[in-house]
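Asker: Here is what each chain is made of, one letter per residue.
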Amino acid sequence: MAWQFSNDKPIYVQVSDQIVSGILTGTFKMGEKLPSVREFAVIAAVNPNTVQKALSELESVGLIETQRNTGKYVTQEGSIIETARTKRGELLATEFLKNMAALGYTGQQTIRLIEAACKEGGDGHERADA
Amino acid sequence: MSEPTLECRGLTKYFGTNPALHNLNISLPAGKIIGLLGPNGSGKTTLIKLACGLLTPSEGEVRVCGYAPGVESKALVSYLPERTYLPDWMTVMECIRYFQDFYADFDYERAVSMLQSLQVPANAVMKTLSKGTKEKVQLVLVMSRRARLYLLDEPIGGVDPAARDYILGTILKNYSEESTVLISTHLIADVEKVLDEFIFIQNGQLVSYASTDSLREDLGKSIDQYFREVFRC
Numbered sequence: 001m002a003w004q005f006s007n008d009k010p011i012y013v014q015v016s017d018q019i020v021s022g023i024l025t026g027t028f029k030m031g032e033k034l035p036s037v038r039e040f041a042v043i044a045a046v047n048p049n050t051v052q053k054a055l056s057e058l059e060s061v062g063l064i065e066t067q068r069n070t071g072k073y074v075t076q077e078g079s080i081i082e083t084a085r086t087k088r089g090e091l092l093a094t095e096f097l098k099n100m101a102a103l104g105y106t107g108q109q110t111i112r113l114i115e116a117a118c119k120e121g122g123d124g125h126e127r128a129d130a
Numbered sequence: 001m002s003e004p005t006l007e008c009r010g011l012t013k014y015f016g017t018n019p020a021l022h023n024l025n026i027s028l029p030a031g032k033i034i035g036l037l038g039p040n041g042s043g044k045t046t047l048i049k050l051a052c053g054l055l056t057p058s059e060g061e062v063r064v065c066g067y068a069p070g071v072e073s074k075a076l077v078s079y080l081p082e083r084t085y086l087p088d089w090m091t092v093m094e095c096i097r098y099f100q101d102f103y104a105d106f107d108y109e110r111a112v113s114m115l116q117s118l119q120v121p122a123n124a125v126m127k128t129l130s131k132g133t134k135e136k137v138q139l140v141l142v143m144s145r146r147a148r149l150y151l152l153d154e155p156i157g158g159v160d161p162a163a164r165d166y167i168l169g170t171i172l173k174n175y176s177e178e179s180t181v182l183i184s185t186h187l188i189a190d191v192e193k194v195l196d197e198f199i200f201i202q203n204g205q206l207v208s209y210a211s212t213d214s215l216r217e218d219l220g221k222s223i224d225q226y227f228r229e230v231f232r233c
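Residue numbers (my numbering), protein chains in the order written: chain A, 1 to 130; chain B, 1 to 233.
Quick caveat, the hints were computed from the structure, so don't treat them as lab data. Accuracy of the hints is not assured; some may be wrong.
Derived EDC-like pairs (lysine to aspartate or glutamate); straight-line CA-CA distance at most 20 Å [claimed, not checked]:
#1 A:Lys9 <-> B:Glu229
#2 A:Lys9 <-> B:Asp224
#3 B:Lys221 <-> A:Glu39
#4 B:Lys32 <-> A:Glu39
#5 A:Lys9 <-> B:Glu94
#6 B:Lys32 <-> A:Glu90
#7 A:Lys9 <-> B:Glu217
#8 A:Lys53 <-> B:Glu178
#9 B:Lys32 <-> B:Asp190
#10 A:Lys53 <-> B:Glu229
Have a look at the derived ranges for each label pair, beta carbon to beta carbon [said to hold, decoys possible]:
#11 B:Glu109 <-> A:Cys118: 54 to 60 Å
#12 A:Gly71 <-> B:Ser130: 40 to 46 Å
#13 B:Arg146 <-> A:Glu32: 28 to 34 Å
Each residue gets a CB set at the ideal place from its N, CA and C atoms; glycine is no exception.
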């Protein structure tokens, strides 16, 4: 299935975000070979130049590496992946707080809601059938 | 900089006293997928037909990889017309062989495999096919060439959404750094994510020519949104 894109951000940024998500959630494992630019283009249904640009961004932060002649791989450096995970977590948290604030919740109220939700959902583990 | 794949200089075309294109200057590089967008009657088809050599300019000139429209340029251009011209008494396979005869860059294997993917009955007579299926056949023929410039006039207008995805996928799969694809369409939202660049024309004149990313970076807008603003009725 083609990837979904929003209108507000350049597509290459969104492609690189989705590849990072893939790395963080284990779709693309540490040290594993990534699809080629052309394969990504067809999977995501986007322009190959866009994929190329997204991959160069990820390469510049070290999340992926090019091995000569064989293609691009997810890094084997756990610390780089953990940095990306922290960054993504912080981003989601900030965004969530912003959305809650827009609804009129204070930081404290939001925290209480999260705690309640954690208890109900068995400490952060989503119900499989939810 | 290497030679532009398509270059227009002062390109003008009158139909009677009515200017369909007026003093168009544009230069398209190799290796890009470019959208040719504009309201009805803005000159999209006229531009494509001029580049194919089906129309002759009233003023100015058009060049494909340095060649004026003619035998050399036609060998480099693969053109999907807005209406199919294939003889209706031929079978699909006869059309394939017809194209194979005509064009040295025609890839027979690719054509057959595309026909299978699109589930086009290869032995059916063209006359018996639906409008959408005829369009698929025409598109298979055009995309099976290894051309330098693909000029696609409304390639996805008449086919269903699943075939639309397949066609865009085909364009992406066949993408090469040497060739440029110019797609004219109204279905901007559908093609936007495969485009490197887009051209807006209106009343035969260039409104803008920019990269898809820069539009989103500078204005935070999709091409579809931008189009609705620029051409608000």
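Asker: Compare the structure with each hint and give your call.
Answerer: Now the hints, each set against the structure:
no., hint, verdict
1, A:Lys9 <-> B:Glu229, "18 Å, holds"
2, A:Lys9 <-> B:Asp224, "14 Å, holds"
3, B:Lys221 <-> A:Glu39, "27 Å, violated"
4, B:Lys32 <-> A:Glu39, "17 Å, holds"
5, A:Lys9 <-> B:Glu94, "47 Å, violated"
6, B:Lys32 <-> A:Glu90, "37 Å, violated"
7, A:Lys9 <-> B:Glu217, "7 Å, holds"
8, A:Lys53 <-> B:Glu178, "18 Å, holds"
9, B:Lys32 <-> B:Asp190, "17 Å, holds"
10, A:Lys53 <-> B:Glu229, "28 Å, violated"
11, B:Glu109 <-> A:Cys118: 54 to 60 Å, "57 Å, holds"
12, A:Gly71 <-> B:Ser130: 40 to 46 Å, "42 Å, holds"
13, B:Arg146 <-> A:Glu32: 28 to 34 Å, "33 Å, holds"
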